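S.K.: Sequences and hints are given; from them, build the entire structure.
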Amino acid sequence: MSTIEPGIRLSDLRGDTRRLRTERVVRGVLLGGAVLSIVISALIVLSLVREAWTFITQVEWASLWTTGWFPRRGLYDVKTLLVGSILVTAIAMAVAVPVGLGAAVYLAEYASGRVRRVLKPALEILAGIPSVVLGFFALTWISPQVVQRLHGDASLFNLAAAGIGVGILTVPLVASISEDAMRSVPLALREASAGMGARKVTTTVSVVIPAAVSGLVAAFIVAVSRAIGETMVVAIAAGATGGSQFTTNVFKPGQTMTAGMAAQAAGTDAVRGQALTFQSLFFVGLLLFLITLGLNLVADRYVRRVRQKY
Amino acid sequence: MATLSTPAAGAAAGAEVVRARLTGGKADVRGRVFQLALVGCLGLALVVLAVLLVDVITGGWEVLSQRLGDFLSGRLSSRPARAGISQGLAGSFWIAVFVVCLAFPIGIAAAIYLEEYAPRSRLTRVIDVNIRNLAGVPSVVYGILGFAVFVKALGSLTGGRTIMAAGITLAVLVLPIVIITAAEAIRAVPDSIREAGFGVGATRWEVVRGHVLPYAAPGILTGTVLALARALGEAAPLLLVGAVTGFLGSDFAIFDTNQVRERFTAMPMVIFNWAQQPRDEFRALTAAAIVVLLVVVLLANSAAILLRNRYEKKRG
Amino acid sequence: MRRSLALLLPLLLLAAACGDGEDSGSAGGSDSGDEAVSGEVNITGSSTVEPISTSVAELFQEDNGDVTVNVDGPGTGDGFQLFCNGEADITDASRPIEEEEATACQQSGVEYIELKVAFDGISVLTNPANEDVSCLMFADLYALVGPESEGVDNWSDAAALAGELGSTTDLPDAGLDITAPGEESGTYDSFIELALGDIAEERVAAGAITEDQAETTRPDYQASGDDNVIIEGIEGSDTSLGWVGFAFAEEAGDQVKELEVDGGDGCVAPSADTISDGSYPLSRPLFVYVNKAKAESNAAIAAYVDFYLSDEGISSVEEVGYVALPDDQFSETTTAWEDRTTGTREGTE
Chain Z
1 MSTIEPGIRL SDLRGDTRRL RTERVVRGVL LGGAVLSIVI SALIVLSLVR EAWTFITQVE
61 WASLWTTGWF PRRGLYDVKT LLVGSILVTA IAMAVAVPVG LGAAVYLAEY ASGRVRRVLK
121 PALEILAGIP SVVLGFFALT WISPQVVQRL HGDASLFNLA AAGIGVGILT VPLVASISED
181 AMRSVPLALR EASAGMGARK VTTTVSVVIP AAVSGLVAAF IVAVSRAIGE TMVVAIAAGA
241 TGGSQFTTNV FKPGQTMTAG MAAQAAGTDA VRGQALTFQS LFFVGLLLFL ITLGLNLVAD
301 RYVRRVRQKY
Chain C
1 MATLSTPAAG AAAGAEVVRA RLTGGKADVR GRVFQLALVG CLGLALVVLA VLLVDVITGG
61 WEVLSQRLGD FLSGRLSSRP ARAGISQGLA GSFWIAVFVV CLAFPIGIAA AIYLEEYAPR
121 SRLTRVIDVN IRNLAGVPSV VYGILGFAVF VKALGSLTGG RTIMAAGITL AVLVLPIVII
181 TAAEAIRAVP DSIREAGFGV GATRWEVVRG HVLPYAAPGI LTGTVLALAR ALGEAAPLLL
241 VGAVTGFLGS DFAIFDTNQV RERFTAMPMV IFNWAQQPRD EFRALTAAAI VVLLVVVLLA
301 NSAAILLRNR YEKKRG
Chain S
1 MRRSLALLLP LLLLAAACGD GEDSGSAGGS DSGDEAVSGE VNITGSSTVE PISTSVAELF
61 QEDNGDVTVN VDGPGTGDGF QLFCNGEADI TDASRPIEEE EATACQQSGV EYIELKVAFD
121 GISVLTNPAN EDVSCLMFAD LYALVGPESE GVDNWSDAAA LAGELGSTTD LPDAGLDITA
181 PGEESGTYDS FIELALGDIA EERVAAGAIT EDQAETTRPD YQASGDDNVI IEGIEGSDTS
241 LGWVGFAFAE EAGDQVKELE VDGGDGCVAP SADTISDGSY PLSRPLFVYV NKAKAESNAA
301 IAAYVDFYLS DEGISSVEEV GYVALPDDQF SETTTAWEDR TTGTREGTE
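Order-wise, the sequence lines are chains Z, C and S.
For the first sequence, our numbering begins at 1 and goes up steadily by one.
For the second sequence, our numbering begins at 1 and goes up steadily by one.
For the third sequence, our numbering begins at 1 and goes up steadily by one.
Calculated from the structure, these hints are not laboratory results.
Heads up, a few of these hints could be off.
[As the list claims (entries may be wrong)] Which bits of chain C does chain Z cover? Going by a derived footprint, with three or more residues having C-beta under 8 Å, they are:
id, stretch
1, 5 to 11
2, 123 to 131
3, 168 to 174
4, 237 to 248
Here the structure is a predicted model, which means the values were calculated and not measured.
We put the beta carbon where it would ideally sit given N, CA and C, even for glycine.
M.R.: Here is the structure:
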């Protein structure tokens with residue numbers, strides 16, 4: 001007969017409107033921050049494509065296969081830049097992969113806690129060195145002391161020194177991702193292997209490394225992407241600041257996509273040369289962006305598998 | 001028969017015997033060689049680092065020891081005896097200001113959203129992949145973005161090839177790194193803390209602000225310091241945004257905000273310019289400038305690493 | 001709390017920067033004369049003339065602390081582009097303005113005052129270790145770096161063409177590594193005009209090359225707008241070849257070897273004297289072009305140029321290693337500045 005007066009109504013559970021409003025505002029602001037990243041990507045693509053499109057539609061296709069990359073003369077031999085980038089990256093990987101992987105295996109499998117605590121930060125210091133510094137080092141030390149000793153008539157500016165410099169830059173990256181990959185291999189696998197009588201080297205080489213292979217591949221791809229995108233080391237040490245002939249000789253000066261872009265731009269679009277000289281900058285930029293994007297997408301698939309779980 | 005005087009010695013001796021039995025008693029040559037090769041790899045990396053540091057320090061020693069004050073307060077000059085890096089330091093200072101004021105708040109906000117608020121939807125996944133890709137985009141492409149957008153399109157706001165354009169460009173470059181590291185730090189906060197907050201009726205923002213963020217703060221701080229160190233070392237975007245490569249007349253007063261809309265230079269650009277001068281005096285100047293930049297960058301990196309190590313140890 | 005502060009800070013900074021930004025860089029507003037001038041002067045152009053302009057700017061700023069002078073050296077060609085766009089107040093040039101550039105300036109309404117400020121020579125360089133070559137004739141230079149020499153990578157391979165053009169030099173059998181200025185550089189243009197020009201015209205008449213080709217070098221060498229990089233390139237190879245401004249070559253000292261050049265009157269080595277009296281065949285004038293309208297509205301620019309042409313300012317020319325103008329030519333320059341005469345007297349019309 002008498003209804004039970006509920007002590008609590010639904011509106012009571014809903015909570016203070018002011019706090020909820022703050023909540024909504026804050027949520028909006030934070031979402032804005034996240035969406036901004038998409039805006040940035042869109043802007044990058046837009047700024048590249050606009051001028052690159054002008055280039056692509058107006059360029060004479062014959063000028064894309066000539067003796068060299070001389071944008072001010074209307075000679076846009078893209079393969080000069082591509083081959084230059086590939087050569088520098090190959091040399092960089094030849095340096096970074098063995099050293100980085102070796103260091104990673106040592107730190108992950110062999111080093112005691114104390115050794116690790118000292119040496120790992122040392123590697124991370126290497127990671128913090130800016131690329132201009134490595135470029136200067138490549139020009140003033142690596143080129144005379146290493147490259148020119150190896151190959152007598154190498155010129156002072158050469159792709160090999162730049163490649164070694166980029167390799168040194170990339171070592172910490174390879175080491176860090178590889179180490180994460182190996183440490184995420186379950187201990188059980190190692191113990192099983194040891195239980196079968198395998199020595200440490202066998203365990204490491206035949207069990208741990210194969211188990212971590214997707215992470216190692218990720219490390220390699222990320223390193224390649226980083227090496228391709230490296231500008232300043234090449235700009236300082238490889239010597240081609242205006243244009244460059246097509247060359248496969250790593251002991252001579254050369255040009256990569258990145259340094260080619262840096263050589264073109266000085267913050268202004270008033271450059272002397274052919275009609276498309278300035279647009280060539282964006283064309284190369286677009287190429288570079290697409291290549292590194294592709295590499296990063298592939299690497300991302302692999303990196304997800306080794307992300308450390310807390 | 002090995003001695004059995006103490007339990008530890010006995011255990012060690014016993015282990016030796018077992019190991020010898022298991023491995024057939026032979027010395028593990030392959031293993032030793034392999035281990036040495038690995039140590040060699042790590043050693044090589046560290047030796048290179050040492051050589052680089054020694055080379056740079058000895059190269060710049062004269063300048064630093066004899067005219068440090070002049071060097072730090074001097075300006076760009078065609079006379080090496082008078083040249084200094086004050087304009088480079090000022091430019092780098094302003095870049096740091098822009099990175100801190102733009103990239104950090106926005107990056108941390110985005111990270112909070114992605115970790116705390118975002119539903120597991122398609123949009124979230126797209127944003128996530130997008131951020132990871134942005135982190136891998138070469139810095140020279142960010143330079144193009146800076147040129148096309150902040151120098152040209154927004155020229156009236158930034159004044160063209162100015163420190164403001166450069167600062168914003170570098171903030172954009174560093175933003176994905178801030179987001180990723182902050183997100184990882186937030187993800188590491190145990191759910192129990194959040195649930196405790198919800199249990200007493202707090203809204204999500206109150207939980208985040210009052211509990212998650214303080215807990216994740218050291219990790220976030222580490223990430224942001226690393227990002228700042230990265231921004232201070234980048235030169236390619238500065239080239240594309242139009243840093244002065246010749247003579248810069250302005251006398252950068254650090255607290256004069258007028259200067260942000262004027263032509264500029266920064267430490268990495270000063271190093272880049274001097275590195276291309278063949279004269280020996282400029283070699284020494286370049287090395288000295290590198291030492292100054294390294295001191296700043298490596299200090300920041302070391303601080304971040306120490307912080308992270310302490311934080312890892314505390315959390316166990 | 002920390003969050004909101006962090007968000008406020010950039011807004012404050014932006015507001016302050018935007019608010020005060022209007023005043024910087026605009027006209028000084030003060031009268032010319034003894035009062036301190038303020039304002040900004042933006043100078044671009046030739047990397048050859050850059051050291052002079054930088055030296056003058058440094059001296060000028062000592063007495064005029066409120067003026068900001070910025071000097072860039074992207075190259076004569078790029079400098080004219082920026083200048084005719086209105087993006088620069090003054091452009092330095094190591095050659096006179098060309099017809100196309102003069103037209104571009106005219107179309108965008110930029111009136112320029114042409115001021116000749118110094119003489120410079122172009123030094124032809126090789127590595128000090130290269131003992132086989134010490135003098136080159138114009139014919140040799142054309143055979144080594146001219147438009148018909150694409151692909152020639154050995155000195156002796158050019159001997160055939162050089163001989164055909166009348167050279168008697170013995171070119172060694174050694175690798176040819178060329179590091180030289182590129183198209184953006186006035187030094188490139190001057191070199192073509194002085195060393196290759198006449199021969200190129202003959203070759204056009206003989207049908208060996210086209211008119212367009214006559215104004216170029218071979219494209220396949222390491223080009224750089226930065227003279228320092230060229231010096232380093234010359235140093236880096238034992239049998240290199242290149243050319244830079246005389247002052248740069250002198251400063252590089254032992255790092256390079258300056259070759260003698262035979263322009264038809266025997267081998268002449270570059271020196272301040274031979275450049276000044278014209279006996280060295282590769283000598284050229286250096287210019288400063290001033291935007292007339294900007295000079296009138298910006299007192300800082302006028303003050304800067306006044307200083308440049310004063311005794312103290314113009315002494316920078318010799319200090320930096322270039323050759324001073326003879327008195328009669330210098331007074332022509334000062335008159336042109338005082339009268340604010342526009343148009344070119346040296347360039348092609």
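S.K.: All hints are to be evaluated individually against the structure, with a verdict given for each.
M.R.: For each hint, the structure was consulted:
Using a Cβ-Cβ cut-off of 8 Å, 0 residues of the stretch 5 to 11 of chain C lie near chain Z, which falls short of the minimum of three, so the contact claim is violated. Counting residues of the stretch 123 to 131 of chain C whose C-beta sits closer than 8 Å to any C-beta of chain Z gives 5, which meets the bar of three, so the coverage hint holds. Counting residues of the stretch 168 to 174 of chain C whose CB falls under 8 Å from any CB of chain Z gives 1; the rule of at least 3 is not met. For the stretch 237 to 248 of chain C, the assignment as covered by chain Z holds, since 6 residues bring a beta-carbon within under 8 Å of that chain's beta-carbons and 3 suffice.
Figure legend: structure checked against the earlier numbered hints; hints not met, in rising order: 1 and 3.
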